[in-house]
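These are the residues of each chain, in order.
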Amino acid sequence: MVYTQRTPWTLVMGIIMVAYAYMVKSGMMEPLIKFLNTGRHAGEMQTLGFTFGALAILVGLWQMLAAPKEGQTDYYLSTVAGLIFIMLIAFVVKWGLDPLMGNWGRAAQPALGFNFASVMNLNYVVMGILAGIIIVNVFKVPGWAQNGVRLSRLGLKTGVILLGTLYSFAELAQLGKLSVVLIGIFVLGSVGLVLWIGARRKLPNSMTGVMSAGIGVCGVSASVAAAPVVQAKSIEIAYTIGTVLLFGVVCMFAFPIIGKALGMGYVQFGAWAGTGILNSAQVAGAALAFQPGGIETLKVAEIFNITRVLFLPIIVLWLALWYVKREVGAHQVDVAHVIVSKFPVFVLGFILMFLLSSTGIFAPARHYQGSYFDNSDKALIKKDRSGKETSNYLKDADVETLKKDADKVKRDDQKAALQRLIENKKVMTEDDDTTLRGIINAKAMSKEGTAVLNKAHRAVRHTAAKIAMFRDLIAWFFTFGLVGLGMQITVASIKQAGGQPLVIGSIVGVIKAVGSLIVVLLMVSETV
Amino acid sequence: MMHEDKFDRGSALTIFKSDRHEDLTALALALVIALLVYLFI
Chain A
0 MVYTQRTPWT LVMGIIMVAY AYMVKSGMME PLIKFLNTGR HAGEMQTLGF TFGALAILVG
60 LWQMLAAPKE GQTDYYLSTV AGLIFIMLIA FVVKWGLDPL MGNWGRAAQP ALGFNFASVM
120 NLNYVVMGIL AGIIIVNVFK VPGWAQNGVR LSRLGLKTGV ILLGTLYSFA ELAQLGKLSV
180 VLIGIFVLGS VGLVLWIGAR RKLPNSMTGV MSAGIGVCGV SASVAAAPVV QAKSIEIAYT
240 IGTVLLFGVV CMFAFPIIGK ALGMGYVQFG AWAGTGILNS AQVAGAALAF QPGGIETLKV
300 AEIFNITRVL FLPIIVLWLA LWYVKREVGA HQVDVAHVIV SKFPVFVLGF ILMFLLSSTG
360 IFAPARHYQG SYFDNSDKAL IKKDRSGKET SNYLKDADVE TLKKDADKVK RDDQKAALQR
420 LIENKKVMTE DDDTTLRGII NAKAMSKEGT AVLNKAHRAV RHTAAKIAMF RDLIAWFFTF
480 GLVGLGMQIT VASIKQAGGQ PLVIGSIVGV IKAVGSLIVV LLMVSETV
Chain B
0 MMHEDKFDRG SALTIFKSDR HEDLTALALA LVIALLVYLF I
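Chains as they are written, first to last, in numbering that gives the first Met the number 0: chain A, 0 to 527; chain B, 0 to 40.
Don't read these hints as lab results, they were simulated from the structure. None of these values were measured; they are calculated from a predicted model. Beta carbons: idealized from backbone N, C-alpha and C, even for Gly. There may be inaccurate statements among the hints.
Claimed, not checked - BS3-like mimics (lysine-lysine), calculated; alpha carbons at most 30 Å apart, straight line:
no.	chain 1	residue 1	chain 2	residue 2
1	A	Lys139	B	Lys16
2	A	Lys407	A	Lys298
3	A	Lys446	A	Lys414
4	A	Lys465	B	Lys16
5	A	Lys259	B	Lys16
6	A	Lys424	A	Lys377
Said to hold, decoys possible - If you want a taste of the chain B side facing chain A, the calculated C-beta under 8 Å gives, among others:
no.	residue
7	Lys16
8	Leu23
9	Ala33
Taking the hints into account, I'd like the entire structure generated from these sequences.
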């Protein structure tokens, strides 16, 4: 079978990509970039545009001019057309639709009372899947692109392995025992519950497996990480992500209302939101909705949320063992042999990256997703190429601005942190940094005072360039994989699947939310 | 879903002949990327 199809489209897509990258480089796209506020992506627009564009032009010319024969060259090079097709859609979604929805969401906020793009989670991940679904159901995937669409799972697996670089053991050490215990009980408990209900309702193991990760750990990443382990179908992943996001949006509105009605404190609410809400984005949303004037709730909720994500490798290992046992019948075969032969190696890759990141080779050991605190002179005083020094210590005028606003700060801990900042002209500790951000969020100071606090915060918070690069790459691998995943979901297959995932997701989600609420109210005081 | 019979290698979901093959390719790709990031960023 010859896979390469003679088509001009690969060449055309390549020319479009190179032309777009050139227009960004020459500044012709400046008005659009300004309108969409995508200036931070200008670098990758050029790099990716030129790279993938050049590849598409070369392969496109080969497709037009050569007469491919059956074999390895034909098989693997024929995937390039589909890869470029998915990347072109990903470019449109990430650099166009995502920021456009953001603009519309903000513009409609005064009229609607809420930001629909943020509330409905209309980010590039969700829109990438939707774009794939629309293309396959409305327009059909072109024949020349079909072989490349089969690369999407490879993209997802590579993204999951690289995801391991964003976490480190150092984070784990910072977390309270309570969050580990509470999250451990509820993550493992809800995974176990979904597996049990799935078995009782006779759902396919692949569906139950991916659902348990999505409901137990957190939405998209967990579902994607667990999917290959349990050999989940595209539609099963889509159902899980849909259920988790839908439930998460409901929780984001309901949790703050319930929390306030029950008179919960910041720590209690943060612990509850971080445990009970299924998706990371909505955990932050609920925490900020509960305490719009400060970040104490958000800080607690994020600690719990991070702990939950750190359980992902354990859950994936559990599901791998569970799936292998159920699929082959553990009593009939040598389980150890089956595990060795069938265990998904990419999970070990995720753990390998996690271990590598923990050694501090990609970022200082205390980093969280690449961000770390450093107030040393080395970090605050920079030299340019000519050797001229630039200091990020506060200037005398900045200090005067803070002194004028100092009496507006009422809380003792915030007063003390502010005093230390004024005396030393830099933020002295990571705790001080958090406390001072509380002043910013509460808008306690004048506009000028807040600007100085923001400046002091930026001076001591640094992002590790390597981790930032990993984060960008992971986002692209996921975008590529998810657009391709969407292209494998048809309306007919959705109808076949039925509404079981939503039923199970809702049952377990409600049990988790209510159970964690009771435990938090009984066990968590205002001082973790 | 795409039909299996469209492809005589791999399956409707992947171009690789087995999951292990796909996993190892993903691992190799990720390690190469990690090495490049470590060396050049």
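Each hint, compared with the structure:
no. : hint                 : in the structure
1   : A:Lys139 to B:Lys16  : holds, 25 Å
2   : A:Lys407 to A:Lys298 : holds, 23 Å
3   : A:Lys446 to A:Lys414 : holds, 18 Å
4   : A:Lys465 to B:Lys16  : violated, 34 Å
5   : A:Lys259 to B:Lys16  : violated, 55 Å
6   : A:Lys424 to A:Lys377 : holds, 15 Å
7   : Lys16                : violated, 11 Å
8   : Leu23                : holds, 6 Å
9   : Ala33                : holds, 7 Å
Of the numbered hints listed earlier, those contradicted by the structure are 4, 5 and 7.
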